[in-house]
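A.B. asks: So the protein lines, in turn, are chains A and B. If you read the first sequence in my numbering, its first letter stands for residue 625, the second for the next number, and so on. If you read the second sequence in my numbering, its first letter stands for residue 625, the second for the next number, and so on.
Please keep in mind that the hints were generated in silico from the structure rather than gathered at the bench. Hints may be right or wrong, so weigh each one.
Any copy, or any two copies together, can satisfy a pair, since identical chains are not distinguished.
[Stated by the list, open to error] Under the rule of at most 25 Å between Cα atoms (straight-line distance), these lysine-lysine pairs were calculated in the DSS-like manner:
1) K725 with K899
2) K899 with K781
3) K725 with K833
4) K627 with K833
5) K677 with K627
6) K627 with K899
7) K677 with K781
8) K833 with K631
9) K899 with K833
10) K627 with K781
11) K781 with K631
12) K781 with K725
13) K725 with K627
14) K899 with K677
15) K725 with K631
16) K677 with K833
Protein chains: 2
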Amino acid sequence: MSKTTMKSTIYYGPRDVRVEERPIPEPQTPEDAVIRVVRTCVCGSDLWPYRSKDVNTPGTPIGHESIGVVTQVGADVTVAAVGDFVIVPFPISCGECAACKAGFESSCLNGGYFGGGAEGEGCQSEYLRVPHANGTIVNVSQALAAGDIPGAPASSKAFSDEMLADLLTLSDVMGTGYHAAVSAEVTSGYTAVVFGDGAVGLCGVLSAKLLGASRIIAMSRHENRAAIAREFGATDIVPERGDDAVARVMELTGAGADAVLECVGSAQSFDTALKVGRPGAVIGRVGLPHGVQLPAEATFYRNIGIKGGPAPVRTYARQRLLREVLSGNIHPGRVFTNTYTIDEVPQAYADMDARRVIKALVTVSEV
Amino acid sequence: MSKTTMKSTIYYGPRDVRVEERPIPEPQTPEDAVIRVVRTCVCGSDLWPYRSKDVNTPGTPIGHESIGVVTQVGADVTVAAVGDFVIVPFPISCGECAACKAGFESSCLNGGYFGGGAEGEGCQSEYLRVPHANGTIVNVSQALAAGDIPGAPASSKAFSDEMLADLLTLSDVMGTGYHAAVSAEVTSGYTAVVFGDGAVGLCGVLSAKLLGASRIIAMSRHENRAAIAREFGATDIVPERGDDAVARVMELTGAGADAVLECVGSAQSFDTALKVGRPGAVIGRVGLPHGVQLPAEATFYRNIGIKGGPAPVRTYARQRLLREVLSGNIHPGRVFTNTYTIDEVPQAYADMDARRVIKALVTVSEV
Numbered sequence: 625m626s627k628t629t630m631k632s633t634i635y636y637g638p639r640d641v642r643v644e645e646r647p648i649p650e651p652q653t654p655e656d657a658v659i660r661v662v663r664t665c666v667c668g669s670d671l672w673p674y675r676s677k678d679v680n681t682p683g684t685p686i687g688h689e690s691i692g693v694v695t696q697v698g699a700d701v702t703v704a705a706v707g708d709f710v711i712v713p714f715p716i717s718c719g720e721c722a723a724c725k726a727g728f729e730s731s732c733l734n735g736g737y738f739g740g741g742a743e744g745e746g747c748q749s750e751y752l753r754v755p756h757a758n759g760t761i762v763n764v765s766q767a768l769a770a771g772d773i774p775g776a777p778a779s780s781k782a783f784s785d786e787m788l789a790d791l792l793t794l795s796d797v798m799g800t801g802y803h804a805a806v807s808a809e810v811t812s813g814y815t816a817v818v819f820g821d822g823a824v825g826l827c828g829v830l831s832a833k834l835l836g837a838s839r840i841i842a843m844s845r846h847e848n849r850a851a852i853a854r855e856f857g858a859t860d861i862v863p864e865r866g867d868d869a870v871a872r873v874m875e876l877t878g879a880g881a882d883a884v885l886e887c888v889g890s891a892q893s894f895d896t897a898l899k900v901g902r903p904g905a906v907i908g909r910v911g912l913p914h915g916v917q918l919p920a921e922a923t924f925y926r927n928i929g930i931k932g933g934p935a936p937v938r939t940y941a942r943q944r945l946l947r948e949v950l951s952g953n954i955h956p957g958r959v960f961t962n963t964y965t966i967d968e969v970p971q972a973y974a975d976m977d978a979r980r981v982i983k984a985l986v987t988v989s990e991v
Numbered sequence: 625m626s627k628t629t630m631k632s633t634i635y636y637g638p639r640d641v642r643v644e645e646r647p648i649p650e651p652q653t654p655e656d657a658v659i660r661v662v663r664t665c666v667c668g669s670d671l672w673p674y675r676s677k678d679v680n681t682p683g684t685p686i687g688h689e690s691i692g693v694v695t696q697v698g699a700d701v702t703v704a705a706v707g708d709f710v711i712v713p714f715p716i717s718c719g720e721c722a723a724c725k726a727g728f729e730s731s732c733l734n735g736g737y738f739g740g741g742a743e744g745e746g747c748q749s750e751y752l753r754v755p756h757a758n759g760t761i762v763n764v765s766q767a768l769a770a771g772d773i774p775g776a777p778a779s780s781k782a783f784s785d786e787m788l789a790d791l792l793t794l795s796d797v798m799g800t801g802y803h804a805a806v807s808a809e810v811t812s813g814y815t816a817v818v819f820g821d822g823a824v825g826l827c828g829v830l831s832a833k834l835l836g837a838s839r840i841i842a843m844s845r846h847e848n849r850a851a852i853a854r855e856f857g858a859t860d861i862v863p864e865r866g867d868d869a870v871a872r873v874m875e876l877t878g879a880g881a882d883a884v885l886e887c888v889g890s891a892q893s894f895d896t897a898l899k900v901g902r903p904g905a906v907i908g909r910v911g912l913p914h915g916v917q918l919p920a921e922a923t924f925y926r927n928i929g930i931k932g933g934p935a936p937v938r939t940y941a942r943q944r945l946l947r948e949v950l951s952g953n954i955h956p957g958r959v960f961t962n963t964y965t966i967d968e969v970p971q972a973y974a975d976m977d978a979r980r981v982i983k984a985l986v987t988v989s990e991v
C-alpha cells in the first residue's frame, strides 16, 4: 500500500509552527497538479505570521516557495506531465484573466497564494497541490528539453545542490527582487539604490546588475549581507538609516539615484526610499507595506513614481530568469546560508527570526 | 524714445486680477532672454489662486503659458537669437542639473515656474523675461529652418491663427496631457481611461491616441467637452462619477483599463482613478494634488503604479510634439473656445471660472 500521509509544516500562532502528518493532497479539479517537493524554504514574509497574530489561520499549512517533481495531474493539465521537474511560483494564477494576460499573474483575479490557508497548499511540506496548474507552474524539464540554453545540465537528474538552490529562488525571492528592479525601471548605466539586505534586497542588487545598472548602492548594516551584496554587484554599501542615509546617498550621487528598489515595506524604509531618488525616479516596491504613507504632493513636484507589488515571478522566470539560472550565469541561491531537513523547519524559523541566517533552505527530497 | 512699459496681468486676490502698466523686463543675467508675447492663455491651474487665497502673492504677475518672438538675449544665450519665434514652456529649467539631464526639467533643481511671483516673469503680459533661456526655450524658427517637417509652414510669418493656438498648447496643456499618457505607459492597442475633461484631460485623450491606444474612455459630463474628446479620439464617454463610474468602466473593460490618465487632482477623481485600472495598470497623474490620498496597501496587491507630476513639456515638444503640430497632424489648439485681448484677461478668468469656456486664448500681438 502506498504512502498516504506526509510531513507538512502547520502554523499555530506566534513562534509556533509544527511539522505534522497530513494527508498527501490529490487533485481536486481537472486543472490541479500535485508535486513531490524537492526543495522549499522559509521566506521573510513568513516571519510576519511567525511574529504576530491575525495574519495566518492557526492550524493551516504554511510556506509558498517550492520546486519539485510532478506526481499527479488533472485531466486538463497541459503545462507539465508526471515526472517533470517544475518551479511552483508563490502566486496561484489562472492564466486566463486580464491580470494574467497582462503579465501580472501575481495579482490574478481568480487566484491566490500558496500558504494561504487551504489544506494541501502549503509549500513547507513533502507534497503540494497546485491549483490552476496551467497558469501557475514553470516547467523546467521542458526548458531543458528545448536544448537551446548554453551550459545547462542535460536533465533535472544532473542538477547540483547549487543549481537546485538557484532554481528555488525563482519561486519567489529572485523574481521579487527582479520585479523591484523592473518596476524601478532600471536600465543601462543607471545608479540604483536598494533598500533591504534580506534575500529579496540582495536579489534586487543582482537584478539591477542584470538590467545594466552601472552603480548599485546597497543599504546594509550587516557585514555578511553586505558581502553577498558586493558579490551580486553592489558598488557601494551604506549602513546609515533615515536622514543620515539620505545625506549619504546624496553625497554619493549628487542629486539622487536614477532608480530606487524598496525591498522592506516598513514605514521608515519607504520614507527614506522616497527621498533618495532624483526627480523622475521610480520607486520599485516589493516589500509588503506595513504602516507605509505615500505622500501625494511631495512625490508630485519631484515626479517620483511608485510601482510594484507582488511579483509576477512566473512571467520573469519564463521571460529571462530561468535561462540565466540554467546557464549558470547567476547564482541567486547564494542567499541561502543554512540548510535544514523538513523536521527541522521550526528551527529554520527560529534562526530566520533571530537573524542567524539570511534565508533558510529546506531539503525535502532528492530529484 | 522706445516703449518702456507694457500691459501685464497682476494677481491681487480671489477673483481679482488686473491688467496694469509695468516696466518691460530686461535680461538680469547673461542667461536671460526677453520675448514679446504673441499668444498667452489662462490655465485651469490659474483658477486655484483665482478662487482661493494663500496660493499666489498679491501684487505679482500671473500666467505661465506663452509663445512669442525673442527681443533681447543675454550674452550666454545660444538657444535662440533676436527675431526667433519660440515656445516658452511653463517650467523654468537650468538644462544642466540631474533632473534636466534625465528629461524631467519640470522638476529642475535650480528652476521654478513662470507666474511664480517674480517681476517680469508672468506670461499674461506683453513681454516676458525668460531666465535660464538655454534650458527653457523651445526654438520654433530653428525647427522650421531645418526644413525636414513635411507640411510645415515656410516660416513663423506664415503661421495661421490655428497654428498659433496649436503651438501655444505646447507650453503646457498638450505637453501635460502627453505626460499623463506617457506616465500611464499607454502603448499600442491599450484601453485608456482619462479623468478630466478640461483642456489637459482633452489633450490626454489626444495623447493616448498618439501613443496608440485603441480604446479611449473619456470621463465627461459636459456635451461640448465630450464632443472635443470624441474629435481627439475618445471612443466612449462616461458621465458617471464615483462608484458608478467604476462600475461603468468595469462594464466596458471587463477587468479595468490598461492605463489611467488622472488630469484633475481632486481627491474624488484620484480615488476613482485608482479603482478603474486592471492589475498592473499605471495611473499617470498630472493634476495638482488637492487632498489626494494614495493608499499603500490597496495599490500594492493590485500592482497599481503611480507616476507623473509637472510635465517636462520642453522635452516632449523637442522629442515629438512640435513636429506633430508643425506638420498639422494634431490640433490641440481646439481646446481654446474663446479669444480675448490682453485688456480682457480679467473677463477671460471670469469665463473660465464660470465654465463658460474650456480654455481662454489671449491674442497679445501678431507674429
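A.B. asks: Please go over all the hints and tell whether each is borne out by the structure.
C.D. replies: Hint by hint, here is what the structure shows:
no. : hint           : in the structure
1   : K725 with K899 : between (34 Å within a copy, 19 Å between copies)
2   : K899 with K781 : neither (48 Å within a copy, 47 Å between copies)
3   : K725 with K833 : between (28 Å within a copy, 22 Å between copies)
4   : K627 with K833 : neither (46 Å within a copy, 61 Å between copies)
5   : K677 with K627 : neither (34 Å within a copy, 77 Å between copies)
6   : K627 with K899 : neither (56 Å within a copy, 48 Å between copies)
7   : K677 with K781 : neither (41 Å within a copy, 74 Å between copies)
8   : K833 with K631 : neither (39 Å within a copy, 57 Å between copies)
9   : K899 with K833 : within (22 Å within a copy, 34 Å between copies)
10  : K627 with K781 : within (23 Å within a copy, 89 Å between copies)
11  : K781 with K631 : within (24 Å within a copy, 84 Å between copies)
12  : K781 with K725 : neither (33 Å within a copy, 52 Å between copies)
13  : K725 with K627 : neither (39 Å within a copy, 65 Å between copies)
14  : K899 with K677 : neither (32 Å within a copy, 30 Å between copies)
15  : K725 with K631 : neither (36 Å within a copy, 58 Å between copies)
16  : K677 with K833 : neither (38 Å within a copy, 50 Å between copies)
In summary, the numbered hints that this structure violates are 2, 4, 5, 6, 7, 8, 12, 13, 14, 15, 16.
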